[in-house]
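A.B. asks: Here is what each chain is made of, one letter per residue.
Number of protein chains: 2
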Amino acid sequence: MLDVTKSRRSIRRYTKQEVEESRIMQIIEAGIWAPSGLNNQPWKFAIVRSQEVKEALARQTKYSSIISNAPICIAVFLDKDLSCDRTKDTQAIGACIQNMLLAIHALGLGGVWLGEILKNADNVREILGIPPHMEFMAVVALGYPAEKAVASHRKKPGEVIVLEK
Amino acid sequence: MLDVTKSRRSIRRYTKQEVEESRIMQIIEAGIWAPSGLNNQPWKFAIVRSQEVKEALARQTKYSSIISNAPICIAVFLDKDLSCDRTKDTQAIGACIQNMLLAIHALGLGGVWLGEILKNADNVREILGIPPHMEFMAVVALGYPAEKAVASHRKKPGEVIVLEK
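Residue numbers (our numbering), protein chains in the order written: chain A, -16 to 148; chain B, -16 to 148.
If you're looking for bench data, these hints aren't it; they were derived computationally from the structure. A portion of the hints provided could be inaccurate.
Given that identical chains are not distinguished, each listed pair holds provided it fits within a single copy or across any two copies.
As the list claims (entries may be wrong) - Below, in silico cross-link-like pairs of lysine to any residue (SDA-like), each with a Cα-Cα straight-line distance of 25 Å or less: (1) 138 with -14; (2) -11 with 127; (3) -11 with 12; (4) 63 with 101; (5) 102 with 69; (6) -11 with 8; (7) -1 with 106; (8) 102 with -8; (9) 63 with 38; (10) 138 with 114; (11) -11 with 146; (12) 102 with -5; (13) 45 with 136; (14) -11 with 23.
Let the hints inform the model, and build the full structure from the sequences given.
C.D. replies: What follows is the structure, given as structure tokens:
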């Protein structure tokens, strides 16, 4: 598990191979088992396979080729009708997406968490026909990897632990 | 990995056994390998073992006995000096905490994500002597489990997938 956490990398290029429906469901299931404030489970998902819809989403971000070339994109929403607290709900969405990314990696797939597209959140919602009470939170693009994971870096624990008492 | 995701539960009671420093570092390391917007790594951690400090934190929440009885509490902060975007940073903190919870579970420890204490975020910051540019985001309490995981429930995928296109 710790290895999965540390070896996960953003994968931005995919083969044409389709992603099995059963795997998509495993990824969604990993997401929904994230914790949330008062177990309010504020996440909602839109699964996009249609090339036409992917092209429309791709036009909302500078990372368009990732979206248009990914076999599957999962748009994640925060259902504000279920809201408990803005900060806690947003954290829960992050926990949910992280579970999805770990599942993607553990299944031998590759994926990337796309946030830049949030600048056009309302357009994305309209393209997908999602009602306004669902706030667009991220796209996870995924498929079978067509590139090797590249090195990433993190600060050392000593740089982020600010206090021990 | 998928099993770890699904079998993780909140553990709120702990034995008196101390948690090894090496395990604490593995938990922090799991946290810091979370993704963040532009890899800004906005998380900071305060590790609390002192009973006196735990008692002071415990007075800031209705879940005081969890904090005062946990061998270790890790307070997680968002370093606003590193901020890229409020929503994305808050999601990244959620992803970081989720990695920590999965590591805790994978290491045979038990932990719980405490959010109710955010109502007294400024007090927590002052008790720990953390500067105002670091926003208090959660406490993760942990130790060796003194209770069995209880059943939890989640909505079915069909209830949270709002669109397939």
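A.B. asks: Let me make sure I understand: some of the numbered hints might not hold for this structure. Which ones are they, in numerical order?
C.D. replies: The structure conflicts with hints 7 and 9, although it agrees with all the remaining ones.
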